[in-house]
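S.K.: Knowing the structure of chain P, use the given hints to seat chain B on it.
Taken in order, these protein sequences are the chains called P and B.
Numbered per our numbering, the first sequence finishes at 211, counting up by one with no gaps.
Numbered per our numbering, the second sequence finishes at 115, counting up by one with no gaps.
There could be a bad hint or two in this list.
Claimed, not checked - In silico lysine-lysine, DSS-like type, Cα no more than 27 Å apart, as pairs:
id	chain 1	residue 1	chain 2	residue 2
1	P	K191	B	K105
2	B	K36	B	K13
3	P	K158	P	K143
4	P	K199	B	K6
5	B	K62	B	K6
6	B	K6	P	K115
7	P	K117	P	K199
8	P	K56	P	K66
9	B	K13	B	K30
10	B	K24	P	K191
11	P	K81	P	K161
12	P	K139	P	K124
13	P	K143	P	K160
14	P	K143	P	K56
15	P	K210	P	K160
16	P	K73	P	K124
17	B	K24	B	K105
18	B	K50	P	K191
19	B	K62	P	K191
20	P	K160	P	K124
21	P	K56	B	K24
Said to hold, decoys possible - Listed below are several chain P residues computed to face chain B (Cβ distance under 8 Å; list not exhaustive):
id	residue
22	I8
23	G11
24	T13
25	V16
26	M22
27	V27
28	E29
29	T32
30	P183
31	K191
Hints are computed from structural coordinates only; laboratory data are not their basis.
No experiment lies behind these values; they were computed from the predicted model shown.
Here a beta-carbon is modelled for each residue, glycine too, at the ideal position from N, C-alpha and C.
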Amino acid sequence: MSAGIIGIKRGMTQIVSETGEMIPVTVVEAPTGRVVQRKTVENDGYSSIQVGAGEKRVGLFNKAEKGHFNKAKVSPARFLKEFRVEDSSAYELGQEVALDSFSAGDYVDVTGVSKGKGFAGGMKRWGFKGQRASHGAEKVHRKVGSIGNATYPGKVFKGKKMPGHLGAERVTIQNITVVAVRPEENLIMLKGAVPGHEKGLLIINKAVKKG
Amino acid sequence: MNIIDKIEQEQMKDNVPDFKAGDKVKVHAKVREGEKERIQVFEGTVIRRKGGGLSANFTVRKMASGVGVERTFQLHSPNIDKIDVMTIGRVRRSRLYYLRDRTGKAARIKEKRTW
Chain P
1 MSAGIIGIKR GMTQIVSETG EMIPVTVVEA PTGRVVQRKT VENDGYSSIQ
51 VGAGEKRVGL FNKAEKGHFN KAKVSPARFL KEFRVEDSSA YELGQEVALD
101 SFSAGDYVDV TGVSKGKGFA GGMKRWGFKG QRASHGAEKV HRKVGSIGNA
151 TYPGKVFKGK KMPGHLGAER VTIQNITVVA VRPEENLIML KGAVPGHEKG
201 LLIINKAVKK G
Chain B
1 MNIIDKIEQE QMKDNVPDFK AGDKVKVHAK VREGEKERIQ VFEGTVIRRK
51 GGGLSANFTV RKMASGVGVE RTFQLHSPNI DKIDVMTIGR VRRSRLYYLR
101 DRTGKAARIK EKRTW
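Only chain P is shown next, with the shape it has when bound in the complex (with noise of 0.2 Å):
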């Protein structure tokens, strides 16, 4: 398994392919990233790697994160993720991690955090279809309706679908096609949308469904 880099949400355009078509893509801006730290089996009992990527002003970052940014003799990284691999030796501390180990047509599954939409209906939330706008219904056509029975079970079950809050939760989409990277710019396309706001941060790791 190799490793996954971290991107930025650039915001959604389209591509014209050569057959005409209209291809809509995220743009997702992955600054090139620094191996921070390398986890060891015998260490951490398993294996990964620390990636760092992203600017950030020097004097925002504290003593600590100083330090553990020296330790690797790398500069200040905004944002740090870690990815697993089956060996980390095979990194070495401060090496790059680009967007070179994507291509074209590859797939990839992108995890980020989804658009927070507050408290959220029924309707919204989980798909229900509310109620009719006619017929008398008065000030229920937004309202979920019954929840459950009666004096059996003589409760509400746990995990019922209910109105609360939506969104702002961390998301996968599995099986996105890579439609173009370009390395020298820093920016990979992928078709359709990816999970988040612009600029929000996203991870992008090979399809483990997908080879």
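M.R.: Positioned in the frame of chain P, the structure of chain B alone reads:
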């Protein structure tokens, strides 16, 4: 420049002629038949221009053996070889959907005088 704008700009054609709804145009469209590619000319009246930037498109209407035919093209599509503007029409709205209800003489559009 914004990354998205830059990517769109790269793909946009810079030789698109100026035309509006009401103009008569000849669209030279590439048609792929199996392996072969040939150019098919679609001539008619522009009844709508829609969208901006890379996603801009337009619809051309013509009468073909008594039946109205409309085709929508992507303005920046590589499938369009070129667009010839034949005449410039004088119309008072941007969407000429009323042409769909008219045939023959009633569906004429006055030509705009340009001197």
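S.K.: Which numbered hints does this structure break?
M.R.: Structure breaks hints 1, 5, 10, 11, 14, 15, 16, 19, 21, 22, 29, 30 and 31.
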